[in-house]
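Heads up: the protein sequence lines correspond to chains A and B, in order. Per my numbering, the first sequence starts with residue 1, numbered consecutively. Per my numbering, the second sequence starts with residue 1001, numbered consecutively.
Accuracy of the hints is not assured; some may be wrong.
[Unchecked claim] Computed list of lysine-lysine pairs in DSSO-like fashion (alpha-carbon distance at most 30 Å, straight line):
{"id": "1", "chain 1": "B", "residue 1": "Lys-1061", "chain 2": "B", "residue 2": "Lys-1124"}
{"id": "2", "chain 1": "A", "residue 1": "Lys-177", "chain 2": "B", "residue 2": "Lys-1553"}
{"id": "3", "chain 1": "A", "residue 1": "Lys-108", "chain 2": "A", "residue 2": "Lys-73"}
{"id": "4", "chain 1": "A", "residue 1": "Lys-82", "chain 2": "A", "residue 2": "Lys-107"}
{"id": "5", "chain 1": "A", "residue 1": "Lys-108", "chain 2": "A", "residue 2": "Lys-200"}
{"id": "6", "chain 1": "A", "residue 1": "Lys-200", "chain 2": "A", "residue 2": "Lys-107"}
{"id": "7", "chain 1": "B", "residue 1": "Lys-1174", "chain 2": "A", "residue 2": "Lys-108"}
{"id": "8", "chain 1": "A", "residue 1": "Lys-177", "chain 2": "B", "residue 2": "Lys-1174"}
{"id": "9", "chain 1": "A", "residue 1": "Lys-200", "chain 2": "A", "residue 2": "Lys-177"}
{"id": "10", "chain 1": "A", "residue 1": "Lys-151", "chain 2": "A", "residue 2": "Lys-200"}
{"id": "11", "chain 1": "A", "residue 1": "Lys-151", "chain 2": "A", "residue 2": "Lys-107"}
{"id": "12", "chain 1": "A", "residue 1": "Lys-177", "chain 2": "A", "residue 2": "Lys-107"}
{"id": "13", "chain 1": "B", "residue 1": "Lys-1174", "chain 2": "B", "residue 2": "Lys-1061"}
{"id": "14", "chain 1": "A", "residue 1": "Lys-107", "chain 2": "B", "residue 2": "Lys-1174"}
{"id": "15", "chain 1": "B", "residue 1": "Lys-1061", "chain 2": "A", "residue 2": "Lys-177"}
Hints listed in this document are in silico derivations from the structure and should not be mistaken for laboratory results. This structure is a prediction, so every number in the text was calculated from the model and none was measured.
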Amino acid sequence: MLAPAHLTGPRWPTSRPAQALAWAFVCVALLCGSAMLGASAAAADTPPAPVLITTDPREVTSAAIYKTATYVKWPESILGSKDAPLRIAVFGVDPLGGRLDDALRSKKLGTHPFRALRFPGLEDLEECQILFVPVAEEEQMPKLVEHYAGKPVLIVGESIAAAENGAGVALYFENSKLHVAVNPEVLRAVRLELSSELIKLARVVQTRKKVDDR
Amino acid sequence: MSISAPIGALFCAALLQAPLPAQDPPGDPPQRDLTELSLEELMNVEVVVTSAARHETSLWKTPAAIFVLSADEIRRSGATSIPEALRGVPGVSVARLDSNRWAVSIRGFNGQFANSLLVLVDGKSVYTPLFSGTWWDTLDVPLDDIERIEVIRGPGAALWGANAVNGIINIITKPAASTQGERASVTIGTYDRFLGYLRHGGELEDGHWRAWMSYSNHGPLDDAAGGDGSDEWDLFHAGFRVDRSLTEHDDWTLWGDAYNGFVDGKVDVAVPAPQYSFVGAAPTDVWGANLQSRWTHRFGERDEASILGYLDHQSRRLLVFGEERTSAGFDYQRRQPLSDRQDFTYGAALRGSYSATEDSFQIAWRDDRRFDSVFSAFAQDEIVLEPERWKLVAGAKLEHDDYAGWNLQPDLRVLYTPSERQTWWASVSRAVRTPSQAEQDLRAVFAIVPGAPDEVYEYIGDRNVEPETLDALQLGYRVRPSEHVSFDATVYLHHYSDLIFYEPGTPFVSGTDLIVPLTATNMPSANAYGFELATEWTPAEETRLSLAWTAQKTQVDPRGSVAPDVRDPEGKTPQNQVRLSLQRDFDEHFSTQCALSWTDRLTTDSVPAYWRADVSLDYRPDAQRTFSLGLQNLFHDDGMEFGPSTFNPSNRVDTALYLRASWSF
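Model the full structure from these sequences, guided by the hints.
Structure, rendered in structure tokens:
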């Protein structure tokens, strides 16, 4: 038979390897401690925020649509009464799911709450302040531009091509990061002005001339 | 569990005393709120995955069979533990043995002591060298703090080292900046009697911190005969994390936690006359604590170094077994661009582990003190052969283990992206599994047959066993035919050699007994092949359907092996698993997830095929509060998911109902 039971409680290392391990403990504790002290000394300058990561680009796009709305200088006449909502619509099949609703929930621009809308097709288009056109719906861009011609509606696309074809702002991904493009010509046409803070971060593009414009 | 009542009361009191949310939310929403970032910060958010390349890379262009379970998917799944959350990952086999034990594996070799899977938390291994596996009961990372779980199927040894044989599960927790303000959550259910969680996050001059505590109390399941399964358990857990930006180029993180719990169970006891064998109670006391620190320095773009140091202590004591294990280690990693087209990553790691084990009437260890050290070095080069088209990843890890000696684990991968919507990848890899302490040192009686003399059947470990080797060939294809549909398919062929099986040896007389030994021996080889498919379809706004199908088969070539082995790779893993899941947001307040899965039969222990459904419904009246109702394991009430393991019987898994309230303020 095997050795009898001897449950004797914890026993602590006395051998050489175990002592080596004890030293390792001390080293790690010192590493942690010195980093903490060093940190206090080095904390004088305000460093940039840590790089955040996500596995869902749709969350980033949704947050960026909300942010874009806050960078537009909306004339009060467009928004109407004090508590009238700022309407952000998604055209076609919505790739963002409920993420846009999440991003806009409980948010306000001054006194105006946000409202997320869906316009599934051209026949469903209604009044809105921002129209988000997913990349899959970009073919409809000319019709959308025509529909809202002369109205202060900001069309937000998902590619450089969208900004070249009628979107005032494009939110697109390159190298796993969000980028922004603006088309000042389009913005002038819809009489909307963006804050310089956004323009500073954005790539400026021009409207692509159609072949029959020559 | 005498402490459950006061702790439950503490949680309830904390929740009740929480201030009512104002109309305009002052605190942070439950998950990381990207809308709180400036546009500039948003433009710095990376859409990434880490495990496959050991530095962040885009998921779609990873030359490995990878799946990422996001925090949102974990929350929607209604899972109340990490193994239950892993049921939602294509290609992962999860079977519940009883209230506190799970068999979790990838590509076969499943069992309570599954030993071909490497589990990491924030890049630090949590496997125990005792049986080269994971204690799932004490892997109690709060689900609220998890940012994502990355699961890689197939070997990842070139980067992560020995035991990353059939797959890697990397649990990544949220940075402290994403868990600011207070959060409390309480779950009450028929099986999960009480799960409570409290967290506070705050700002530092140069960073953020959080501290949390949790208490969980789980009820028993029924045993195979319908009686009390004696497997209830509870765990008290507390932890913290501090993230600081020391300078513009240096980040430092310190995190740690400690737990203490009681885990009940049963054990098959083999003793001399007159009982010979009976099922005994095996109440287990567990406690542990760990501390980790990581320092990252950025030299420039794609150019950084990090060093991780850690200490870890685990204690587990029951009638037939006791272990105190202390581990410490360092892990250094450097990433450096060699040119515009080449990223070079290399590093070295040292880990020491000291284990004090206790013998009992049923088991004996060769030495009751044992120290193991592992040294490893790795290098990997990512070469862009043609931008946006061809990429080659070549890497290798050299590892030295006190008992297994030197091992080289090379890995070669090719990635081809013919278009933005398609990716092909292929890989050839070698991985080794080093023998566990049990396979080397343990003698355990598993049966006594009365007679004159009594025949005592024993598993006997052997220090001469060699590491097992896996040579793997994989081919993968991902395609997005439209913006709404995606497919991810992988086929693989694994060849295992020198598998460690327990083979019958020559019986010998010891005292008044005849010992019949089963000795750990490198004998059989095995071939495993399979197909893994994960598809996703978003037919309409706010609706997501996903379908996963995994087919696998393992064939053992005995090569003289005569005994069916305890690991039994052919009969303990389902040949087919299918899972269909639907996520739907009804409006801004209500959302649901329903998952229906089918698991093939297990030939060992004749576990029949079964259907299982899990449903959860969330109601979010505002950004601060979420109320959830969950139903787990519909259609398979009182069913077995896995047969008994070597020393423990399995229990029946009940249908369970729970209610959860979460509050951020």
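Output the indices of the hints that this structure fails to meet, ascending.
Of the numbered hints given earlier, the structure breaks just one, which is hint 2.
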